[in-house]
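Trainee: Could you put together the complete structure from these sequences and hints?
The numbers in my numbering rise by one with no breaks, and the one at position 184 of the sequence shown is 184.
What the hints contain is simulated information worked out from the structure, not anything from laboratory work.
In this text the structure is predicted, and so the values were computed from the model without any measurement.
We put the CB at the ideal spot given by N, CA and C, even for glycine.
Each hint should be verified, as a subset may be incorrect.
[What the hints assert, rightly or not] In silico lysine-lysine, DSS-like type, Cα no more than 30 angstroms apart, as pairs: (1) 263 <-> 216; (2) 79 <-> 34; (3) 62 <-> 79; (4) 281 <-> 209; (5) 209 <-> 187; (6) 285 <-> 83; (7) 111 <-> 281; (8) 111 <-> 285; (9) 285 <-> 94; (10) 94 <-> 79; (11) 4 <-> 111; (12) 184 <-> 171; (13) 209 <-> 263; (14) 263 <-> 281; (15) 4 <-> 79; (16) 83 <-> 111; (17) 94 <-> 263; (18) 209 <-> 184; (19) 171 <-> 209; (20) 62 <-> 4.
[As the list claims (entries may be wrong)] Here are the in silico distance ranges between beta carbons for each label pair: (21) 156 <-> 72: 33 to 43 angstroms; (22) 261 <-> 124: 29 to 39 angstroms; (23) 37 <-> 158: 54 to 64 angstroms; (24) 290 <-> 42: 52 to 62 angstroms; (25) 235 <-> 79: 56 to 66 angstroms; (26) 124 <-> 180: 27 to 37 angstroms; (27) 79 <-> 261: 49 to 59 angstroms; (28) 275 <-> 74: 16 to 26 angstroms; (29) 226 <-> 272: 44 to 54 angstroms.
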Amino acid sequence: MDIKHMRYFAAIVQHGSMTEASNQLYISQPTISKAIHDVETELGMQLFDRNRRKFVLTDAGKVFYDQCEEILRRHSELKNDLKNMVGMRQGEIKIGLPPIMDVGRLMGIVKDFHELYPEITFQLIESGSGTIETRLRQDAIDIGITVLPTEGEDFDAFNFLTEPMKLVVHKDHRLADETSIDLKALKEEHFIMFNEDFYLNEIITSACKNAGFTPKVVSNTAQWHFIEEMINAELGVCILPESVAALLTSSSVTVDIHEPVLKWRLGVIWNRDRYMNFITKEWLKFFQQYYE
Numbered sequence: 001m002d003i004k005h006m007r008y009f010a011a012i013v014q015h016g017s018m019t020e021a022s023n024q025l026y027i028s029q030p031t032i033s034k035a036i037h038d039v040e041t042e043l044g045m046q047l048f049d050r051n052r053r054k055f056v057l058t059d060a061g062k063v064f065y066d067q068c069e070e071i072l073r074r075h076s077e078l079k080n081d082l083k084n085m086v087g088m089r090q091g092e093i094k095i096g097l098p099p100i101m102d103v104g105r106l107m108g109i110v111k112d113f114h115e116l117y118p119e120i121t122f123q124l125i126e127s128g129s130g131t132i133e134t135r136l137r138q139d140a141i142d143i144g145i146t147v148l149p150t151e152g153e154d155f156d157a158f159n160f161l162t163e164p165m166k167l168v169v170h171k172d173h174r175l176a177d178e179t180s181i182d183l184k185a186l187k188e189e190h191f192i193m194f195n196e197d198f199y200l201n202e203i204i205t206s207a208c209k210n211a212g213f214t215p216k217v218v219s220n221t222a223q224w225h226f227i228e229e230m231i232n233a234e235l236g237v238c239i240l241p242e243s244v245a246a247l248l249t250s251s252s253v254t255v256d257i258h259e260p261v262l263k264w265r266l267g268v269i270w271n272r273d274r275y276m277n278f279i280t281k282e283w284l285k286f287f288q289q290y291y292e
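Mentor: Here it is as structure tokens:
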């Protein structure tokens with residue numbers, strides 16, 4: 001028994017005769033008759049009372065018809081859903097992204113993509129790079145935006161932003177008037193850092209150790225605006241990507257770091273060997289073209 005048999009059966013019930021059902025379906029009457037006989041044989045019961053002139057459902061036939069209607073409806077919805085996915089008419093893209101990026105960049109792309117495909121929705125999930133990679137492996141998100149390079153070899157990546165990192169200090173800090181500094185000048189400073197699953201921490205900590213010291217961490221947070229408030233309160237200094245440092249609007253200033261020059265590489269990553277749906281493929285292609 002398959003969808004075709006159910007469609008034949010439902011047509012007979014709806015049109016009240018096998019002849020009319022045959023005409024509506026553009027198939028021969030013997031074909032429909034054999035299909036109904038095969039279904040009754042498989043079920044081991046009659047679906048129609050053949051002792052009457054019209055096709056009248058038996059009790060079993062009534063139950064079967066109700067179920068057929070539900071299955072045919074769901075089958076139709078499934079086909080429409082798949083067509084919508086392929087045709088880019090509706091769907092959802094789940095994107096993991098770090099809270100420290102300038103989301104204005106991303107929103108411009110989302111806006112342009114949404115204008116082309118207004119039924120596509122976005123779920124933006126903020127977390128550190130380590131968590132983003134974990135969620136990708138668990139298929140909890142479709143695409144990740146993270147610091148490159150990734151720790152795993154199971155991802156493909158597209159680098160769309162490379163920029164220097166800046167020292168951010170309070171305007172009254174001893175280094176506020178400097179044009180550029182050596183990282184060694186921060187040996188005695190208190191650092192405001194991000195949480196442990198942020199790769200940015202690894203970049204900063206590794207650079208400090210290469211400069212001969214371990215950063216003294218006064219606080220860890222997952223939000224750059226908390227960092228801004230702590231800098232305003234003169235609790236410490238921070239090293240941020242240039243685009244993020246530019247978002248700080250209060251009593252902080254930025255200073256270049258010339259030794260070593262620290263770079264922040266941001267990229268889109270996705271599972272290399274996993275199935276990617278049509279919606280995500282189109283979004284990724286759109287994103288890459290945006291930065292070409």
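Trainee: Holds or violated: residue 209 and residue 184, Cα atoms, limit 30 angstroms.
Mentor: holds, 10 angstroms
Trainee: Below or equal to 30 angstroms on CA atoms is what counts here, so check residue 285 against residue 83.
Mentor: holds, 20 angstroms
Trainee: With a cut-off of 30 angstroms on the C-alpha distance, tell me whether residue 209 and residue 187 pass.
Mentor: Since the Cα atoms of residue 209 and residue 187 sit roughly 10 angstroms apart, the hinted pair holds (cutoff 30 angstroms).
Trainee: Mind checking the hinted window 49 to 59 angstroms against the Cβ distance between residue 79 and residue 261?
Mentor: holds, 56 angstroms
Trainee: Taking only the CA atoms, is the gap from residue 94 to residue 263 under or equal to 30 angstroms?
Mentor: holds, 27 angstroms
Trainee: Mind checking the hinted window 52 to 62 angstroms against the Cβ distance between residue 290 and residue 42?
Mentor: The hint (52 to 62 angstroms, Cβ to Cβ) holds, given that residue 290 and residue 42 are roughly 55 angstroms apart.
Trainee: Residue 4 and residue 79: Cα distance at most 30 angstroms?
Mentor: Cα-Cα ~15 angstroms, so holds.
Trainee: So if I understand the rule, the pair passes when the alpha-carbon distance is 30 angstroms or less; does residue 62 with residue 4 pass?
Mentor: Holds - the C-alpha atoms of residue 4 and residue 62 are around 18 angstroms apart, at most 30 angstroms.
Trainee: Given the hinted pair residue 285 and residue 94, is their Cα-Cα distance within 30 angstroms?
Mentor: holds, 16 angstroms
Trainee: Could you say whether the range 44 to 54 angstroms given as a hint is met by the Cβ separation of residue 226 and residue 272?
Mentor: violated, 35 angstroms
Trainee: Quick one, are residue 111 and residue 281 close enough, alpha carbons at most 30 angstroms?
Mentor: holds, 17 angstroms
Trainee: Given the hint that residue 83 pairs with residue 111, does the C-alpha gap stay at or below 30 angstroms?
Mentor: holds, 24 angstroms
The structure fails hints 4, 11 and 29 (numbered hints given earlier, in ascending order).
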